[in-house]
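Chains as they are written, first to last, in my numbering: chain A, 596 to 726; chain B, 169 to 351.
Just so you know, the hints here were simulated from the structure itself, not pulled from any lab data. Given the structure is predicted, the values throughout are model-derived calculations rather than measurements. Every residue, glycine too, gets a C-beta built ideally from N, C-alpha and C. Keep in mind that a hint or two might mislead.
Not the full set, but computed from the structure, chain B residues with beta-carbon under 10 Å of chain A [what the hints assert, rightly or not]:
no., residue
1, 183
2, 187
3, 189
4, 191
5, 215
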Amino acid sequence: MSEKVAIIAANGGMFDAYKVFNIATAAAASEKEVQIFFTFEGLNLIHKQGMHHLEMPAGKEHFAEGFEKANIPSIPELVEMAKELGVKFIACQMTMDVMGLTKEDFVDGIEVGGAVTFLEFAKDAAPTLTF
Amino acid sequence: MIQANQQLDAKGLACPMPIVKTKKAMNDIDEGHVLEVQATDKGSTADLQAWATTVGHQYLGTVEEGEVLYHYIRKGSDEPEVEKSFEHTVSLETIESREGLILDVREAAEYAFGHIEGAKSIPMGELEFRLEELDKEEEILVICRTGKRSDLAAQLLAKKGFKKVYNVLPGMNEWNGKKTKTL
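Given only the sequences and the hints, what does the whole structure look like? Please build it.
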């Protein structure tokens, strides 16, 4: 059984963020080595300001109440939790160049890398997930 | 009320928080000890079971009281299997035909979720302080989950002057007979 879980975060909405960080923290809590590769809109999820203002899909805004009622942790809290559990964040260099972003725009402790960095980690990971 | 070494309050928390909190709490308890996780997340029963199996802990069971789920997990051990050294053993299959007292030395929570009818519970860690509850002349059949703790318990009893002590092999994990619960 593989001890690694590889995740690609390629979308930047609030639902995307929950999918990514719930699976990541659950996997890390199960003693898996976890890496998330943030690319294109996915970079939003670890952007210092952006992560506080993630949007719900159009027409689904009414779920906000459900999130509150079910006592769901906020995305910044889940990001902290993931980091604490040793989840490694890799921001895509190429997307950052395109969008004019630097490492300082993102939460502390991330690494910047290219596709090969992630592929190297993911080659023997199971599962590899894309959100 | 089932006895546990440590309690964790994860009530009101949604997935994946009960798992994350349980993992952290498990780091702080001793191997072989039992953690009680209190949760209201209905998915936590299936999640904790799967989690425990993945990381090598023993899921004992869940009790539901009103809205709250009480899960019991025993911390697994990294220790390699040691040679069992107590020479007097009896086979699990023959245990029901014997007259002696079945002494179950697993943790109280393990016993609560399923034991052989009539077995007496004294967890291994308490045994040396509770010897006066046992009769030195009576036959005592010591059982645990795999035979490892009962091996140590049988050695202890023999050393303390108990005359007819046997380690039951294998242990409760191979027991297919009727199990009694005391929840």
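Evaluation of the provided hints:
1. 183: holds, 7 Å
2. 187: holds, 5 Å
3. 189: Holds, because the Cβ-Cβ distance from residue 189 of chain B to chain A comes to roughly 9 Å (cut-off 10 Å).
4. 191: Residue 191 of chain B check passes; min Cβ-Cβ to chain A is 4 Å, inside 10 Å.
5. 215: Holds. Min distance 8 Å.
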